[in-house]
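> Those sequence lines, one after another, are chains A and B. The numbers in my numbering rise by one with no breaks, and the one at position 287 of the first sequence is 287. The numbers in my numbering rise by one with no breaks, and the one at position 462 of the second sequence is 462.
Simulated from the structure, these hints should not be mistaken for laboratory data. Wrong hints could be hidden among the right ones.
[Stated by the list, open to error] Derived list of chain A stretches under chain B, where covered just means 3 residues or more per stretch with a C-beta under 8 Å from a C-beta of chain B:
1. 77-85
2. 106-112
3. 281-290
4. 301-315
5. 364-370
6. 395-408
7. 412-419
Computed from a prediction, not measured in an experiment: that's the story for all the values here. Glycine is no exception: its CB is placed at the ideal position from the N, C-alpha and C atoms.
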Amino acid sequence: MLLILLQSQTQSYGETMTKTNVTYKTPAGIEFVESFPLFENLDVLKFKMDNGMKILLLQDKSAEVFAYQTWINAGGRDDWGGVTGLAHLFEHMMFKATKNYKDGEFDRILEEAGAAGTNASTFFDWTYYRENLPKDKLELVMKLESDRMVNLIVNTEQLKKESDVVVGEKRWRYDNNPQGAWYEYLYDLAYTVHPYKILTIGRTHDILNTQVEDCLSFYRAFYAPNNATVVIVGDIDIEQTLALLKKYYGHLKPQTIKRKSYAKEPPQKGEARRKVYREDIETEMFILGYHIPEITHADNQTLDVLNTILFGGKSSRLYKKLVDAEIASSAGGWVPSLNNPGLYEIEVMMKDGKKADEAEKIIMEEFKNVAKDGVTEKELDKAKNQIEAGFYSSLETSEGKAFLLGNTDIEAGDYKFIKTMTDRYSRITAEDIKKCAAHYLHAGNKNLVHLLPAAVKTKEKTNEQ
Amino acid sequence: MNRFDKKKRLKTGARVFLIAAAVFIFSAPRIFAQTYTDKGGTMMLMEDKTLPLVYFSFVLKTGAALDPDGKEGLAELAAESLTKGTKTRTKEQIEEEIDLLGASISASVTHDYIIISGFSLSKNLDQFLDLYADVILNPVFPEKEIEKEKRMMVSDLIELRNDNRQLARRFFRAALFANHPYGKFIDGKEKTINALTRGDVEQFYKGAFVKSNTVTAVSGNFNADYLEKKLNEKFAALADGAVEQKALPGIAPVKGKKVILVHKPKQTEVQVVIGHAGMDIHSPDYFAFEAADEALGGFSFGARLMQEIRVKTGWSYFAYSYLIEKRYPDAFYFNMAPDIKNAVATVKKVLEMYDDFKKKGITQTELDSTKKKLIASFPFMLDTTKKKMGQKLRNILLGLPENYLDTYKDNVGKVTLKDVQDSIAKYADPDNLLIVLLCDTENPDIKIKDEMEKLVEKENVSVVEYTQE
Chain A
1 MLLILLQSQT QSYGETMTKT NVTYKTPAGI EFVESFPLFE NLDVLKFKMD NGMKILLLQD
61 KSAEVFAYQT WINAGGRDDW GGVTGLAHLF EHMMFKATKN YKDGEFDRIL EEAGAAGTNA
121 STFFDWTYYR ENLPKDKLEL VMKLESDRMV NLIVNTEQLK KESDVVVGEK RWRYDNNPQG
181 AWYEYLYDLA YTVHPYKILT IGRTHDILNT QVEDCLSFYR AFYAPNNATV VIVGDIDIEQ
241 TLALLKKYYG HLKPQTIKRK SYAKEPPQKG EARRKVYRED IETEMFILGY HIPEITHADN
301 QTLDVLNTIL FGGKSSRLYK KLVDAEIASS AGGWVPSLNN PGLYEIEVMM KDGKKADEAE
361 KIIMEEFKNV AKDGVTEKEL DKAKNQIEAG FYSSLETSEG KAFLLGNTDI EAGDYKFIKT
421 MTDRYSRITA EDIKKCAAHY LHAGNKNLVH LLPAAVKTKE KTNEQ
Chain B
1 MNRFDKKKRL KTGARVFLIA AAVFIFSAPR IFAQTYTDKG GTMMLMEDKT LPLVYFSFVL
61 KTGAALDPDG KEGLAELAAE SLTKGTKTRT KEQIEEEIDL LGASISASVT HDYIIISGFS
121 LSKNLDQFLD LYADVILNPV FPEKEIEKEK RMMVSDLIEL RNDNRQLARR FFRAALFANH
181 PYGKFIDGKE KTINALTRGD VEQFYKGAFV KSNTVTAVSG NFNADYLEKK LNEKFAALAD
241 GAVEQKALPG IAPVKGKKVI LVHKPKQTEV QVVIGHAGMD IHSPDYFAFE AADEALGGFS
301 FGARLMQEIR VKTGWSYFAY SYLIEKRYPD AFYFNMAPDI KNAVATVKKV LEMYDDFKKK
361 GITQTELDST KKKLIASFPF MLDTTKKKMG QKLRNILLGL PENYLDTYKD NVGKVTLKDV
421 QDSIAKYADP DNLLIVLLCD TENPDIKIKD EMEKLVEKEN VSVVEYTQE
């Protein structure tokens with residue numbers, strides 16, 4: 001099949017493109033779906049294999065390297081059988097032996113081929129595997145990646161050791177790290193039924209008691225070509241890449257994807273709070289979470305702009321009122337881009353001797369201000385410039401581009417949503433922001449976890465007595 | 001989360017020295033060894049029209065190693081205070097302008113140099129350059145803002161104590177580099193920060209911000225002729241002068257094995273840092289020892305430490321060795337984080353492995369594999385224009401030869417097993433080690449102090465509180 005590609009000429013942030021013609025040959029069993037202009041001279045080509053595997057290719061010859069990412073549409077929210085942390089633990093197991101490669105060979109072969117950043121990540125909605133390699137190693141990585149997609153061997157001894165490793169990771173990132181632990185507390189507090197309630201790392205007990213069969217059933221349920229998107233960005237030849245994809249993935253069979261339905265989180269009925277006393281902290285700190293819509297909802301982008309107005313840069317409202325005013329030593333917010341409704345998180349570390357109540361009051365006051373009076377056009381321009389700069393920064397490396405494509409494809413269901421987002425950002429008005437603040441940032445939708453030094457509890461008890 | 005931690009490389013500029021010569025020549029930057037006047041200063045410009053972004057690095061070849069005794073944190077305070085007000089702009093105006101442009105200006109201080117980084121959308125280049133130059137050339141250091149910044153630095157130190165890994169390394173460095181300029185905390189200590197004055201900051205600024213002490217590196221989407229002209233115009237106002245570059249003394253060696261237990265309550269992990277003084281990266285032995293370091297504790301699942309401490313035992317999520325690269329010899333150390341139940345076994349294992357490493361070196365297979373990895377992964381340190389510029393900057397700042405990148409592959413390729421074994425014999429020192437464990441020393445089930453006293457002489461084990469400076 002001949003693919004006629006329309007190649008991009010010019011594009012700016014939030015604008016449309018003009019094109020010229022280029023042709024490519026696609027092998028049998030691979031269908032061209034569309035081309036999409038990510039940015040100037042950066043056209044994404046989407047293909048689909050007969051077995052359902054999605055392919056996103058972006059040719060970028062600015063360096064003689066490429067990024068190779070395999071995105072599996074399964075993450076922490078898909079943990080099942082009561083085994084929390086399964087998706088993530090299984091990600092660790094994916095680097096072990098297969099029917100064709102002994103344990104350790106995957107890493108050794110890629111490293112000796114010059115791979116940089118060979119790793120994987122698991123989040124609520126996805127798991128992705130990544131390598132960056134010199135341009136002549138495309139066939140090598142495809143051979144390895146296609147092999148482990150279907151030929152992995154999971155044995156008890158390795159699973160036991162890797163469970164210990166994951167528990168070690170949890171200890172480091174969460175248990176012994178108050179700024180990791182607070183996410184566990186927050187999501188547990190804010191969600192009642194949706195699987196986002198439990199962080200992707202899982203619970204220690206479950207990690208240590210995961211069985212081989214748990215891993216294998218997860219593997220069979222989700223690791224299939226029709227549940228995967230392969231994203232390749234860099235110095236690649238399109239036709240050659242397609243031919244290799246056909247060679248290594250073409251024979252893989254689609255599977256029935258056994259996805260459970262995700263319980264819909266009911267609307268929150270009032271503010272939720274939790275206090276945690278820790279002996280390993282010296283100052284108070286807190287994290288807030290507000291339920292907000294998923295990435296595809298326009299309010300998600302509006303809230304992102306609002307967050308930038310509140311916390312983006314040192315001239316932002318809450319930086320000035322909290323950090324510059326020396327009430328907090330740091331403060332920031334994050335609007336998640338998730339497939340299901342997530343939490344708008346705000347994190348505040350108090351200065352020594354300052355109480356969290358003071359900062360909380362300031363934040364609540366600011367939310368009321370925005371809901372009542374909105375934001376200025378200048379603040380809006382500022383935020384949009386910052387977001388635009390951030391977008392371009394994300395396109396700097398092949399790896400960055402690949403991540404943007406793969407992540408958007410899973411979270412939004414379509415990588416082209418990148419364009420929808422950039423268009424939306426450019427059109428957001430002050431009035432949109434005012435409405436969103438009123439709708440989402442109120443007490444009934446509020447979750448707060450407050451961490452205090454244990455000495456404060458002792459003092460509180462003494463005062464009560 | 002990731003399968004493993006990607007923060008291994010503390011080497012200045014990371015593994016950035018490998019390059020395919022063809023790539024380097026193909027995208028040769030426009031480099032100027034330019035003077036602002038006849039009095040020194042270097043400017044490097046590298047065009048890249050791919051994205052509408054411009055990256056600036058204004059670098060001073062002076063760092064925290066020169067902070068006066070009792071005034072650690074001075075370089076950091078001075079660098080952070082540039083944006084607190086200029087002759088024509090208040091702090092608020094500067095911050096407002098940065099954010100409105102979608103830009104950023106930030107300072108990064110090391111022991112050897114300071115980088116004032118700037119980032120802008122190319123459509124705002126002129127405005128940004130005006131602001132960036134103003135901040136660098138005309139700061140006024142308002143007293144009120146200096147005092148506030150000092151308080152913020154003290155707050156940051158308290159916040160740092162939540163990060164066990166950074167905290168353990170801090171204690172390690174304090175002990176290893178006692179009385180050495182590299183032992184000065186870049187971010188200071190509460191006492192030394194409080195001792196700093198506006199006068200100190202001004203004096204630092206006047207001494208360091210002179211043409212001959214600077215390198216300006218810009219990469220991104222701009223016209224090089226135009227920008228060269230603008231930069232010359234702007235930075236002609238930089239003062240003339242010279243900065244005396246004094247060589248740093250050697251590091252006093254550790255004698256025997258010394259253990260410092262840093263007590264932090266209720267920790268279920270133990271941050272383990274074990275090491276001694278490192279080597280001079282300008283030494284002809286460097287490539288050989290770097291290969292040895294990679295085989296022992298490199299960022300690879302095939303490296304010995306990861307194999308023993310993670311893969312085979314599951315004791316720690318990460319286990320690496322670090323050969324820190326600075327202008328002068330810094331440290332060589334191991335870092336891992338086992339749970340408290342396996343901490344003593346981990347320490348014993350690392351000591352045993354390091355002993356074996358010293359006695360037997362590495363194998364030919366390990367060397368061949370390491371060389372392949374280092375050479376083959378070279379393109380990644382130069383796969384963006386920003387990284388290429390970063391490498392050129394790094395070479396200047398670390399005093400590496402101009403052809404360092406061009407010859408790196410050959411230099412790695414030439415390393416023989418004998419070279420590696422000789423370098424290990426010379427630089428590895430398993431008998432004289434500083435061992436820092438950040439842990440809960442009051443854990444009722446694991447008496448870690450008692451256990452460590454069995455490992456080394458009792459008088460060589462000390463306990464300090466994690467809040468101690």
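> Would you mind marking each hint as holding or not holding in the structure?
Results for each hint:
1. Three residues within the 8 Å Cβ limit are the bar, and the region 77-85 of chain A against chain B gives 0, so the coverage statement is violated.
2. Interface restraint, the region 106-112 of chain A with chain B: holds (4 residues with C-beta to C-beta distance below 8 Å; minimum three).
3. Check result for the region 281-290 of chain A against chain B: holds, 3 residues qualifying (beta carbon to beta carbon below 8 Å, three or more required).
4. Counting residues of the region 301-315 of chain A whose C-beta lies closer than 8 Å to any C-beta of chain B gives 4; at least three are required, and the coverage claim holds.
5. Counting residues of the region 364-370 of chain A whose C-beta sits closer than 8 Å to any C-beta of chain B gives 0, which falls short of three, so the coverage hint is violated.
6. Coverage of the region 395-408 of chain A by chain B holds [criterion: at least 3 residues with CB-CB distance below 8 Å; count 4].
7. Only when three residues or more bring their CB closer than 8 Å to a CB of chain B does the claim for the region 412-419 of chain A stand; here the count is 0, and the claim is violated.
This entry does not satisfy hints 1, 5, 7, going by the numbered hints stated previously.
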